[in-house]
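Join the two chains into one complex using the hints; note that each chain is given alone, in its own frame.
Here is what each chain is made of, one letter per residue.
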Amino acid sequence: MPESKSIQDLIPFRIKVEPRLEETTWWQSLGITLIALVIALLLGAVVLAMVGGDPWRAYAHIAKASFGDIGVFSDTMVKAIPLILVGLASTVAFRMKLWNIGAEGQFFLGAFGASMVVLLPVLPEDSPRWLFILVMMLFGIVMGALWGFIPAYLKVKFNVNEVISTLMMNYIAVKWNDFFIYAVWSEGGFQMSKMFPKNAWLPRLTDYGKIIPELRGLTTHLGLVFALIAVVIVWFILYRSKWGYEIRLIGDNPKAANYAGIQLKKNIIGVMMLSGGLAGLAGMSEITGVVHRLQGAISPGYGFTGIIVAWLAKLNPYLVVIVSILFGALILAGREIQPSGVPKLIQGIILVCLIASDYLVRNRVRIVNKAKE
Amino acid sequence: MDPIIILQAGVATGTVLLFATLGGIFSERAGVMQLGLEGMMLLGAMTAFSVTVSTGNPWLGLLAAMLAGGLLSQIHAFITITLHADQVVSGLSLTFVGTGIALVFGETLSKAGVISLIPKISVPVLTNIPVVGPIFFTNQSVLVYIGYALVPLAWYYIYHTRPGMHLRAVGEQPSAADSLGINVFRTRYFYVFVCGLFSGLAGATISLAISPGWFSELTTAGQGWIAIGLVIFSQWDPVRAMVGSYTFGALRRLVLDIQGPTMLLGMRNPFYYNPYLGIFLTMLPYAFTIFVLVLGSYSAAKKRLGAPAALGIPYVRGERGL
Chain Y
159 MPESKSIQDL IPFRIKVEPR LEETTWWQSL GITLIALVIA LLLGAVVLAM VGGDPWRAYA
219 HIAKASFGDI GVFSDTMVKA IPLILVGLAS TVAFRMKLWN IGAEGQFFLG AFGASMVVLL
279 PVLPEDSPRW LFILVMMLFG IVMGALWGFI PAYLKVKFNV NEVISTLMMN YIAVKWNDFF
339 IYAVWSEGGF QMSKMFPKNA WLPRLTDYGK IIPELRGLTT HLGLVFALIA VVIVWFILYR
399 SKWGYEIRLI GDNPKAANYA GIQLKKNIIG VMMLSGGLAG LAGMSEITGV VHRLQGAISP
459 GYGFTGIIVA WLAKLNPYLV VIVSILFGAL ILAGREIQPS GVPKLIQGII LVCLIASDYL
519 VRNRVRIVNK AKE
Chain A
41 MDPIIILQAG VATGTVLLFA TLGGIFSERA GVMQLGLEGM MLLGAMTAFS VTVSTGNPWL
101 GLLAAMLAGG LLSQIHAFIT ITLHADQVVS GLSLTFVGTG IALVFGETLS KAGVISLIPK
161 ISVPVLTNIP VVGPIFFTNQ SVLVYIGYAL VPLAWYYIYH TRPGMHLRAV GEQPSAADSL
221 GINVFRTRYF YVFVCGLFSG LAGATISLAI SPGWFSELTT AGQGWIAIGL VIFSQWDPVR
281 AMVGSYTFGA LRRLVLDIQG PTMLLGMRNP FYYNPYLGIF LTMLPYAFTI FVLVLGSYSA
341 AKKRLGAPAA LGIPYVRGER GL
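Protein chains in written order, with the working numbering: chain Y, 159 to 531; chain A, 41 to 362.
Please note that the accuracy of each hint is not assured.
As the list claims (entries may be wrong) - Computed far set for chain A versus chain Y, every beta-carbon distance over 12 Å:
| id | residue |
| --- | --- |
| 1 | 96 |
| 2 | 99 |
| 3 | 161 |
| 4 | 192 |
Unchecked claim - Pair ranges (Cβ atoms, derived):
| id | chain 1 | residue 1 | chain 2 | residue 2 | range |
| --- | --- | --- | --- | --- | --- |
| 5 | Y | 225 | A | 312 | 32 to 40 Å |
| 6 | Y | 209 | A | 279 | 41 to 49 Å |
| 7 | Y | 175 | A | 167 | 36 to 44 Å |
| 8 | A | 202 | Y | 522 | 35 to 43 Å |
| 9 | Y | 184 | A | 152 | 49 to 57 Å |
| 10 | A | 310 | Y | 209 | 33 to 41 Å |
| 11 | Y | 225 | A | 188 | 32 to 40 Å |
| 12 | A | 335 | Y | 422 | 18 to 26 Å |
| 13 | A | 315 | Y | 283 | 29 to 37 Å |
Hints in this document: simulated from the structure, not taken from any laboratory. Just so it is clear, CB atoms sit at the ideal spot from N, CA and C, and this is done for glycine as well.
The following block holds chain A by itself, in its conformation from the complex (with noise of 0.2 Å):
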């Protein structure tokens, strides 16, 4: 149980949690909920470990991940934005679809043994650095770096940049924007897109990279929809989606390494006397989520911070709304 292993191995899991957060952030900045994460991620997942099966290229495998989600995310979008349908229930129907092709085509995925992953790396100099170095920049994947670098990225682009300020006028005041002249439709198609595109780079992540292979539904195991509790607890800002997403890796982390040592803070270790007890930590990471999203509305109410005001409202030309 040392907790630079711990920390580390946080910040590796926890960027799967971090892409599809930083998704769901730019959908729901745009106004459109997207409960359809899960679906998406199981679909990445299974997408690229498939590709990557049969071309022997990871870097081909997360291509089509990618795009393999963002497609998806486009029936979601079509519904709500062009029908106007409920998004939660679109949502939700999304994860069924998605869940149910990665399963149908992942079939005879698990029999597939050995592939090539996304390499992992130390950064000279900076791993060095003691504690930081260890922990953040020595022999993680490549991914976790992209990761690193995604969330200055989208922080200055939805705070500092003329589109991201079309994003937020969208998911805030949408009327406002159409007269403007900012195409609502388009804005939404398209950050739903992006927001299919993280989802399925976070699952490509899971099978390419964390933890490599493929196993049916347990492959994400809820993780999509913890982005989403997430998702809320950040305010729908990137770097609160970083801090979660991190945070909750090392948990997930925390949760199997307690078990292994026989003391525990000068005690007996329960957890290692009585195996059984560890189906109570497994238990944690959901019950941490729920944890979570009391702590994200109470410090909200206190920040009058809010969800975009839009958020889960079709937008239809001159009908009175927001």
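The shape of chain Y in the complex, shown without the other chains (with noise of 0.2 Å):
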């Protein structure tokens, strides 16, 4: 009788795994992510096709319906500008790996605080344009850092999972909304505000548009330089900064940081309260340049969607700008796209493909010739 062979002994090569030394180049990671990206968006389209729908065209139609002529490239701008305030706020934190999944709740208190300044009001209806768009960026990055503020000043007293306060604030933060809109500014029985007047209004490139016809009709505001510069700040912080590199060796091996005298607790409390100032700005920005009132419905899951934007970027400041144009596009464009779980959906595998390929670049992994060992 023959032996019997199992079946790894018939198949000539094996895999083997090797955990990397050296470090992998940028080309190396920027393939293996587009990798993952690519992979994603099959796994997508096999979802796509058993609900029935056609994933081909699905994409297609995000593609141009996002980046199709400059009219709805403006509109994929303005869903971006949030995204990348949001995206930074994740990345701070994250970097230090304080997980912070609270910036959708911050980013509500974000709007809340820009909201007060004409509804409570702070300032004078007929107050100059700087002036209102300075003090509401102010009320807007307090309230938000404030709201970090809560699960950071928990955490480091009572050593509160940051993961589950931050998140439980995200509830409580949408229902604090909600009361002041149902019953404090309500207009007219209906569960909004007032429209904020015009001098309120971030300046958008259509309100140029008798200077320079061309602008006509783009909606993208002055959020988006808010948050140019957001990044550039956050970048200069992590990466030149005194501060930065505390944040960056606790991320690494706080045990290390700990022996280096560095103070854990000021560390929580700063980020977290910087993380929230960014998403609560990215509030301010949405309500001041896009809703114009405040409401219940200000956010598809900004918040969430910054916690993958900043992983896609690899907690890179700069890399979060190309991201969040991205996923901008896939907001935008997804609102049409039926059934309505589709982009979360997406959202979900992109991130799933992302964190297994990380393997790839933490490991080498070799298809071996058994026959040559």
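Here it is as structure tokens:
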């Protein structure tokens, strides 16, 4: 009788995995990320086909409805603005391995803070525009930072897991806004506040259409400038400042950071407030640049998408901009795709493929010919 | 505002949290943090409802929901156990995927109409006990009774059986468990799967028994996250999980009922006269979760109890670690 062989013996190749000793080059890591993205989109296509959709038409539609001409591209940028800021918020926190999942709530509180300036009111309605914008920015950032401070304080003082507390704060933030929309600032019984006066709106490109006709109809607003400035500031803080050095050291090796005399608690509070402030600025920019009133549905989950943006950008502030534009497109065009859960599902699949692909960044996988071994 | 009714409803709604929390306990006892509960629950709720609509049999729906949760959980298992990826991010991504699948396939379900539910029963004899009878043994869903049975079983399993001991060893000191011949990887895969089964069951409990129907993301409304808070509060102990879950269930009911009467504690009830104040009441379960975490970490520090030592740390053979 012939000796029985297992299937493994029949295959002349073996997969060999060993940890990478050298750093991956940027093109290796870019290649791995792109492959992960392609696989994610293929998996998304399979699901779309399963529910009876035509995946290729859906993807083509997303591309056309977000990058097809300058008008829709401007709309894509409008969606990208809050994503950039929220993506930065996640980047700062995640770099320290501080899991701020509360950007969504901090976004809502930022929007609330900006609305306070008009609705409380903090400033009279006929204040100059620059003053409105400045004070609204301040209120948005401070309210977002405060919302970030609460879980940070609870973590420092009572060792409360920040994943849960920031998440719970999201639900509370939405309900907090609801109370003011329903009960305090409701206009004529509707669940929204009155429209902000024009001088509390962020200037948009279309406002200059009279001078430069090409800009007519373009909705991109000043928030884009805020976001880009924030990118540079966050990059500077993370990679060129002493504080950023501390943040990165804690993220890489908290024990070493402790031995080096870095105060963990102070950094938890500081980073959480910076993160919350950035998310708050996103809320302010959205409410003054796009919505122009306080209402319930001001975010299609920007705060959660920001987590994926930060991860896809490998916590690099400049890459956050590029990734945000892509996800802005997905959110913009995804609104018209049926069934409505598709954009969320694709985001999830992308994140799964990305974290799985990190394995290839950390390990070298080779196929070895058994005969040659 | 009858306290008996509030507690009875608390036990019913708390059963959802109980199942999810038990699942979380099993996974975390094995050293794998599972932040994907919400996604698996939502998928379970959708699957249960959908299968029940098409087959007319809620038990088949329940079974399908558990399998769906278990299958989804294996993505998390593969990414964290085999690929050693970060458990926090992987868990979050699982929630995205679970929510996405549930929303995509549940798109048309909300118009499905009435389905047959898991039956409610009263236990003869026990139902006549004063106070305890009406709260625990009268007109409760069969699933609630399954909850009663699962808690002591889980407790006994974890603390007094050989596989339970292996489970704890893998979560506390995987390298030692490995050297004793326990397969750390297989054990972790298994308990992540168990956690998926429990989460699917929790989801099915919502859509087939406690608040029947499919209301997209509002079906779970963050209960998966509350359950993760309860896992920490319970200090990974099934009995404490039961107490926590029922307390939370009762709180959810209290928040609804407190807006009914015109008088409250001898005063004009502010929640009756100003219904908008009720919005603040709906914040309470979430705020209470944070409060419970504070309590949990305080009492854990006092009793020197902690999370399973290897929680959140991928096990790599031959690498220096725990």
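Evaluated hints:
1. 96: Holds, since 23 Å exceeds 12 Å.
2. 99: 26 Å, holds
3. 161: 34 Å, holds
4. 192: Nearest chain Y Cβ is 27 Å from residue 192/A, so the label holds.
5. 225/Y - 312/A: 32 to 40 Å: 54 Å, violated
6. 209/Y - 279/A: 41 to 49 Å: With Cβ atoms ~43 Å apart, the hint holds.
7. 175/Y - 167/A: 36 to 44 Å: Distance hint for residue 175/Y, residue 167/A is violated at roughly 60 Å.
8. 202/A - 522/Y: 35 to 43 Å: 39 Å, holds
9. 184/Y - 152/A: 49 to 57 Å: 51 Å, holds
10. 310/A - 209/Y: 33 to 41 Å: This hint is violated: roughly 47 Å between Cβ atoms.
11. 225/Y - 188/A: 32 to 40 Å: Check failed, 57 Å falls outside 32 to 40 Å.
12. 335/A - 422/Y: 18 to 26 Å: 23 Å, holds
13. 315/A - 283/Y: 29 to 37 Å: 31 Å Cβ-Cβ, so the 29 to 37 Å window holds.
Consistency note: the structure conflicts with the earlier hints numbered 5, 7, 10, 11.
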